[in-house]
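Chemist: Please put together the full structure from these sequences, using the hints given.
Each chain, written out:
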Amino acid sequence: MSAVTNEWPLWEVFVRPKAGLDHKHCGSLHAPDAKMAVQLAREVYTRRQEGTSVWVVKSSDITASDPGDKGMLFDPMEDKVYRHPTFYELPESVNHM
Amino acid sequence: MVPPSSLRSRHPEGAPHRPGDPSGAGTSSIALQLTPPVQYVLRIADTCLIHAQRLAEWCGHGPVLEEDIALTNMALDLLGQARSLLSHAGRLEGQGHDEDQLAFLRDERDFFNLTLVEQPMRRSSAHAPGGDFADTVLRNFLLAAWLKTLWTRLAASSDDDLAAIAGKAVKEARYHQQHAGDWVLRLGDGTEESAARLRAALDRAWPYTHEMFRRDAVDAAAEAAGLGPGRDVLREAWLAEVAAVLAAAKLARPADTPFLSTGTLGRHSEHMGFILAEMQSLQRQYPGGRW
Chain A
1 MSAVTNEWPL WEVFVRPKAG LDHKHCGSLH APDAKMAVQL AREVYTRRQE GTSVWVVKSS
61 DITASDPGDK GMLFDPMEDK VYRHPTFYEL PESVNHM
Chain B
1 MVPPSSLRSR HPEGAPHRPG DPSGAGTSSI ALQLTPPVQY VLRIADTCLI HAQRLAEWCG
61 HGPVLEEDIA LTNMALDLLG QARSLLSHAG RLEGQGHDED QLAFLRDERD FFNLTLVEQP
121 MRRSSAHAPG GDFADTVLRN FLLAAWLKTL WTRLAASSDD DLAAIAGKAV KEARYHQQHA
181 GDWVLRLGDG TEESAARLRA ALDRAWPYTH EMFRRDAVDA AAEAAGLGPG RDVLREAWLA
241 EVAAVLAAAK LARPADTPFL STGTLGRHSE HMGFILAEMQ SLQRQYPGGR W
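Going down the list, the sequences are from chains A and B. If you read the first sequence in my numbering, its first letter stands for residue 1, the second for the next number, and so on. If you read the second sequence in my numbering, its first letter stands for residue 1, the second for the next number, and so on.
Any given hint might turn out to be false.
Part of the chain A face toward chain B, derived, beta carbon under 7 Å [unchecked claim]:
no.: 1; residue: Ser28
no.: 2; residue: Leu40
no.: 3; residue: Glu43
no.: 4; residue: Val44
no.: 5; residue: Arg47
no.: 6; residue: Leu90
Think of the hints as simulated: they come from the structure by calculation, not from any bench. Backbone N, C-alpha and C fix where the C-beta goes; we use that ideal spot for every residue, glycine too.
Modeler: And the structure:
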């Protein structure tokens, strides 16, 4: 049996700044349920016209990599520069690469 | 409190406000030239203004950070509506009064808000014993539903400015109603204590809703001029929406009572003077102060 708690669950908030762009993680908040989380996310994160759409996800539903595994997971990529397409000569006409 | 000398020097103590005084605003109350259209607009403007002032009492005191921000956002929406309407009332009045003068230099008898919005809604706010978060939630809901119904009809006003203000405000009121309605649902159909508190808040608020639909000569004049609806017209749509949420929240609708509050006539409850004292003190101590 879980202990009764007065804490509302934590939600992660993702906001789409404008049409065509991706939803971006912008913070978290406490809310009693998903519907109220959307409303409160609107209040807390979009009151200066930052967004056109909001997603909320229960923080406990996110599975994250273990910070202790950082070395094992990410360091091996350090010396593999050949995975970056930086050795190609780009023609002048190709901009913004 | 003694104002800094730089502020005091422009306005010697006790100097009355002289119309057309080039030094700007004075500290004494303005004389309102009241006509039915001016009173019609002021009723809505003052209801928004005083409700905003009451909601602002929660700033920094909300039950949780997120709801604190939500309440303040709503107060700011309402303040924005009040500002537009006060400016418009000033234009209709034709005496050159701006929104600040109308908000801060009117006496209690010249305010025409619904009496409901004056009532205490936060337990520990100054001079306001007895309030509760349930009062806030419920009043927000009752008023948002009323204002939404009103804005919807005002969007078709023969007065273009009023129609434009209403067209913008109706979106805000829709959201306020949804947010407050969700809270009514949660508290009413929540724990025993939350339900008991919301029932008590409903019993406190309900008698004041009579005034929301009491038609008088000002309403009749507004209707005849195409300015906006009489208040009686709003009742059916309002009641349908309110009754649906109360039923979902498992709350019985209180019986209607003959009690009729009179804020829209300028006769207010004992709480109004304290609200105005707090709201107006700065502008009256530092006349024309801007920042």
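Chemist: Checking each numbered hint in turn, tell me which of them this model violates, lowest number first.
Modeler: 1 and 6
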